[in-house]
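There are 2 protein chains.
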Amino acid sequence: MQRYFVSNRQINKGIVEIVDQDFHHIKNVMRMKIAVIVEICDEIQNVYTAKLLEFKKNSVLFSLIDKLEVDVELKTDITIALGLTRTSKIEEVIRRITELGASNFIPVEMNRSVVRLNKNVNYKQNRLEMIVKEASEQSKRTKLMKIHEPIKFNQLLDNIDDYDYLVYAYEDLAKNSKNKFKSIIPSFKNKKVLVIVGPEGGFTTEEVDKLDRLGFISVGLGPRILRLETAPLYIMSAISYELEL
Amino acid sequence: MQRYFVSNRQINKGIVEIVDQDFHHIKNVMRMKIAVIVEICDEIQNVYTAKLLEFKKNSVLFSLIDKLEVDVELKTDITIALGLTRTSKIEEVIRRITELGASNFIPVEMNRSVVRLNKNVNYKQNRLEMIVKEASEQSKRTKLMKIHEPIKFNQLLDNIDDYDYLVYAYEDLAKNSKNKFKSIIPSFKNKKVLVIVGPEGGFTTEEVDKLDRLGFISVGLGPRILRLETAPLYIMSAISYELEL
Numbered sequence: 012m013q014r015y016f017v018s019n020r021q022i023n024k025g026i027v028e029i030v031d032q033d034f035h036h037i038k039n040v041m042r043m044k045i046a047v048i049v050e051i052c053d054e055i056q057n058v059y060t061a062k063l064l065e066f067k068k069n070s071v072l073f074s075l076i077d078k079l080e081v082d083v084e085l086k087t088d089i090t091i092a093l094g095l096t097r098t099s100k101i102e103e104v105i106r107r108i109t110e111l112g113a114s115n116f117i118p119v120e121m122n123r124s125v126v127r128l129n130k131n132v133n134y135k136q137n138r139l140e141m142i143v144k145e146a147s148e149q150s151k152r153t154k155l156m157k158i159h160e161p162i163k164f165n166q167l168l169d170n171i172d173d174y175d176y177l178v179y180a181y182e183d184l185a186k187n188s189k190n191k192f193k194s195i196i197p198s199f200k201n202k203k204v205l206v207i208v209g210p211e212g213g214f215t216t217e218e219v220d221k222l223d224r225l226g227f228i229s230v231g232l233g234p235r236i237l238r239l240e241t242a243p244l245y246i247m248s249a250i251s252y253e254l255e256l
Numbered sequence: 012m013q014r015y016f017v018s019n020r021q022i023n024k025g026i027v028e029i030v031d032q033d034f035h036h037i038k039n040v041m042r043m044k045i046a047v048i049v050e051i052c053d054e055i056q057n058v059y060t061a062k063l064l065e066f067k068k069n070s071v072l073f074s075l076i077d078k079l080e081v082d083v084e085l086k087t088d089i090t091i092a093l094g095l096t097r098t099s100k101i102e103e104v105i106r107r108i109t110e111l112g113a114s115n116f117i118p119v120e121m122n123r124s125v126v127r128l129n130k131n132v133n134y135k136q137n138r139l140e141m142i143v144k145e146a147s148e149q150s151k152r153t154k155l156m157k158i159h160e161p162i163k164f165n166q167l168l169d170n171i172d173d174y175d176y177l178v179y180a181y182e183d184l185a186k187n188s189k190n191k192f193k194s195i196i197p198s199f200k201n202k203k204v205l206v207i208v209g210p211e212g213g214f215t216t217e218e219v220d221k222l223d224r225l226g227f228i229s230v231g232l233g234p235r236i237l238r239l240e241t242a243p244l245y246i247m248s249a250i251s252y253e254l255e256l
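Protein chains in written order, with the working numbering: chain A, 12 to 256; chain B, 12 to 256.
It cannot be assumed that every hint is accurate.
Because identical chains share one entry, a pair is satisfied inside a single copy or across any pair of copies.
[What the hints assert, rightly or not] In silico DSSO-like cross-links for lysine-lysine, where the CA-CA straight-line distance does not exceed 27 angstroms: (1) LYS191 to LYS86; (2) LYS78 to LYS38; (3) LYS191 to LYS151; (4) LYS100 to LYS78; (5) LYS78 to LYS24; (6) LYS191 to LYS202; (7) LYS151 to LYS100; (8) LYS203 to LYS86; (9) LYS144 to LYS86; (10) LYS144 to LYS68; (11) LYS144 to LYS100; (12) LYS221 to LYS191; (13) LYS144 to LYS78; (14) LYS44 to LYS151; (15) LYS163 to LYS44; (16) LYS157 to LYS100; (17) LYS130 to LYS202; (18) LYS38 to LYS193; (19) LYS193 to LYS86; (20) LYS38 to LYS203; (21) LYS202 to LYS154; (22) LYS221 to LYS157; (23) LYS130 to LYS100.
Everything labelled a hint here was simulated from the structure, so no lab data went into it.
Model the full assembly from the supplied sequences, consistent with the hints where possible.
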């Protein structure tokens with residue numbers, strides 16, 4: 012069944028008004044007819060079945076039928092902060108970590124980022140949010156991952172008070188036997204966790220020193236060198252495996 | 012350091028002769044000079060440092076210096092059999108599961124595969140092998156994942172005697188509490204494991220019945236629906252997490 016994400020102000024007395032791309036999708040792509048049933052997710056993770064009532068000029072109305080009991084969200088709030096890189100890679104990571112249950116994504120300019128803020132960053136917030144919506148609909152999530160504007164490394168470090176766990180993935184730890192990832196994931200349950208993944212060239216020593224001073228836990232992701240696009244998928248898969256299976 | 016995979020017959024009395032694409036890469040892309048040091052991996056997972064000796068017309072010679080002690084391979088032999096699909100998706104999966112340590116990849120035509128054998132399959136063995144080589148060099152693997160020719164579902168099931176564990180990822184198990192994946196992965200160590208991931212539309216009931224009759228273990232990959240491209244990454248990440256961290 013098709014699933015659409017709406018804001019709470021689109022729902023009024025049991026009627027949902029859908030506009031913009033979703034309206035286009037319903038009318039022109041899916042060519043839905045009156046009385047078709049879809050699923051509607053609101054901002055506070057309610058999921059409803061809803062029946063198509065009528066098409067207006069620039070919108071379509073559905074009436075809510077039933078509230079469904081669904082519980083597919085990861086029981087931990089994971090923020091992936093990724094070294095700023097090419098848009099195609101960012102898009103791939105966003106698509107996959109949405110499926111894998113992440114809550115927040117922050118692109119971060121680090122020393123070795125090839126793409127720079129205020130220079131060659133080509134960052135289309137709208138397009139990235141569309142990718143999140145599509146991936147959420149397909150994976151049957153009830154919550155939309157939040158895409159944050161790109162920031163600098165130091166700005167990220169200025170805003171870490173809210174997190175219960177601070178983690179960064181560090182390649183040189185790959186063969187380190189004191190790897191703590193497996194021992195800390197079980198304690199992530201119902202917590203807010205920030206995981207930083209470095210850019211293509213890795214963190215600089217200066218960045219690693221800052222992270223260590225701030226109490227970040229460094230974790231390795233196995234003995235093979237993972238690409239920047241693969242590391243966040245490994246992290247999210249490991250967290251889901253540990254907490255959800 | 013650049014890493015090149017060679018066959019054992021390219022090595023003779025401590026001299027390695029590199030040809031074809033790798034020769035082109037060394038000469039024209041990297042523009043290496045005499046005495047440059049690279050890493051050479053042979054077919055039986057030896058890794059050597061080697062020094063550039065001389066360029067010939069269609070090849071370049073290196074002399075082996077030292078044998079390195081490296082141990083980055085996953086200690087279990089994982090075969091991912093994936094529902095036949097579009098080449099771009101196959102390529103993405105191959106790139107990622109190479110990084111994540113898989114040993115074999117088999118594309119399999121299943122009932123719901125959109126791409127069909129002998130019809131619209133567009134399968135370039137050479138190109139896929141190049142992707143494996145590149146991903147192996149980048150992730151510092153010492154063994155090349157083997158890419159098998161696409162086969163039919165029944166052909167796959169005719170050749171399962173060699174495996175110690177037979178597993179398939181089944182979406183409808185997502186919310187099933189009797190999920191066995193977490194309890195069986197620890198026993199994969201030093202074993203040969205076949206994991207089948209269905210095509211876009213999932214397995215048919217008939218396929219699932221066959222798998223069950225043959226003793227395959229069905230496993231779920233968490234409560235969210237994963238795309239065909241994401242499921243193999245989840246599986247490989249979970250196995251690495253459980254066995255290597």
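- Task: Indicate which option fits the pair LYS78, LYS24 if close means a Cα-Cα distance not exceeding 27 angstroms: within, between, both or neither.
- Result: Only inside one copy: LYS78 and LYS24 sit 14 angstroms apart there, 73 angstroms across copies, limit 27 angstroms.
- Message: With identical chains, the pair LYS144 and LYS100 could be close in the same copy or across copies; at 27 angstroms between alpha carbons, which is it: within, between, both, or neither?
- Response: both (18 angstroms within a copy, 20 angstroms between copies)
- Up to 27 angstroms CA-CA - LYS44 versus LYS163, copy category: neither (48 angstroms within a copy, 39 angstroms between copies)
- Copy assignment of LYS221 with LYS157, given that the CA separation must stay at most 27 angstroms: within (26 angstroms within a copy, 42 angstroms between copies)
- Given identical chains, is LYS151 near LYS100, meaning Cα to Cα at most 27 angstroms, within a copy, between copies, both, or neither? Answer is both: 23 angstroms inside a copy and 21 angstroms across each meet the 27 angstroms cutoff.
- Task: Could you place LYS144 and LYS78 in one of the four classes (within, between, both, neither) given a Cα distance threshold of 27 angstroms?
- Result: within (20 angstroms within a copy, 50 angstroms between copies)
- Is the C-alpha distance from LYS144 to LYS68 at most 27 angstroms within one copy, between copies, in both cases, or in neither? Cα proximity of LYS144 and LYS68: one copy only (24 angstroms, versus 54 angstroms across).
- Task: Go through the copies and call it for LYS78 and LYS38: within, between, both or neither, with a Cα cutoff of 27 angstroms.
- Result: Classified as within: same-chain Cα gap 24 angstroms, cross-chain 64 angstroms, threshold 27 angstroms.
- Message: Checking an output row: LYS202 and LYS154, CA cutoff 27 angstroms. Within, between, both or neither?
- Response: within (17 angstroms within a copy, 39 angstroms between copies)
- Task: Using 27 angstroms as the alpha carbon limit, work out where LYS193 and LYS86 are close: within a copy, between copies, both or neither.
- Result: both (17 angstroms within a copy, 18 angstroms between copies)
- Alpha-carbon proximity context of LYS130 and LYS202, limit 27 angstroms: neither (36 angstroms within a copy, 50 angstroms between copies)
- Query: Checking LYS221 and LYS191: alpha-carbon separation at most 27 angstroms within a copy, between copies, both or neither?
  - Reply: within (19 angstroms within a copy, 41 angstroms between copies)
Checked against the numbered hints above, the structure breaks hints 4, 15, 17, 18, 20 and satisfies the rest.
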